[in-house]
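Trainee: Chain by chain, the residues:
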Amino acid sequence: MARRRQNDDGEVNMTPMIDVVFQLIIFFVVTIQLDKESINKEIKLARAEKAQMVVDPDPRTVTVQVDKYGRIFIGSNVFNAGMLTSFLRQMGKETPIVVRADATAKHGAVQRAVDACVAAGIWKITFVAKKNDDV
Amino acid sequence: MIRKRKRHKSDGEGEISMTPMIDVVFQLLIFFIVTMEPIPVLSEMNVFRPQDSGIPPPEPPKMVRIMIFQDLYTIGIHGTGSDKRVNENGMEVELSRLASISRTQTISITSAPNADHERLITVLNLCAGFGLQNIALTSLQ
Chain R
1 MARRRQNDDG
11 EVNMTPMIDV
21 VFQLIIFFVV
31 TIQLDKESIN
41 KEIKLARAEK
51 AQMVVDPDPR
61 TVTVQVDKYG
71 RIFIGSNVFN
81 AGMLTSFLRQ
91 MGKETPIVVR
101 ADATAKHGAV
111 QRAVDACVAA
121 GIWKITFVAK
131 KNDDV
Chain E
1 MIRKRKRHKS
11 DGEGEISMTP
21 MIDVVFQLLI
31 FFIVTMEPIP
41 VLSEMNVFRP
51 QDSGIPPPEP
61 PKMVRIMIFQ
71 DLYTIGIHGT
81 GSDKRVNENG
91 MEVELSRLAS
101 ISRTQTISIT
111 SAPNADHERL
121 ITVLNLCAGF
131 GLQNIALTSL
141 Q
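Chains as they are written, first to last, in the numbering used here: chain R, 1 to 135; chain E, 1 to 141.
Fair warning: there could be bad hints in the mix.
Simulated crosslink set (BS3-like; lysine-lysine; CA at most 27 Å straight-line) [unchecked claim]: (1) R/68 x R/41; (2) R/124 x E/62; (3) E/62 x R/130; (4) R/124 x R/93; (5) R/50 x R/124; (6) E/84 x R/50; (7) R/68 x R/130; (8) R/124 x R/41; (9) R/44 x R/124.
It is worth saying that the hints were derived from the structure and are not from the lab.
Input sequences plus hints: build the corresponding full structure.
Mentor: What follows is the structure in structure tokens.
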């Protein structure tokens, strides 16, 4: 008499599904970014699809953010022009500066941030924009 | 002869019930799916800022100067006073013409304080598209 297989009664084998679910979990854990809180999400960047894409950013980069109200941030801290200059002087003249400004921010506010960088001896500045409209 | 049949217990000693673990794993998966955000693809545009904004940098006399205002752009040769008023399409045409002559020419960009930052990015984007890399950002006093 042939031996009946254990799975012939209609039960679903859970093992492969658990394997796939664990792989998905590992994928999300590996790809999650924990430093999102340093970026001000209210800042809507302008679009610049022709500029070169940001690849391998310098870890020393300081991101100066300017929101639509003209406030200057580094991380979540608000700076005025003088404070920004003092802070950047401590960082050094070779510090890469990235300016991340809201599209509707007035250039006067951006100019204050840029002037603060110049006052700290940093003359090479990078403006960041989004390359596509997905976000 | 009576055949002894071994009974296999489904949940015998030493076996772990997988159901709660599967529940937790699915909850974790749902959490990660809900909280995942697409990563924006960013582009960068480098400019250099002359240290003394009131003094024009010692560049060749035919430096191109672009002025950005809230409602228009002007482009012309620095110092000649013959700036041309253009819109975004006109700016693209002028930069295209400039790039066909020389891509290493210095371009001085000055933006009015009340102009939106987006207008500056638009000009920088056009310059990047035409390979114009030598860009100086000056400020209006």
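Trainee: Which numbered hints does this structure break?
Mentor: 3
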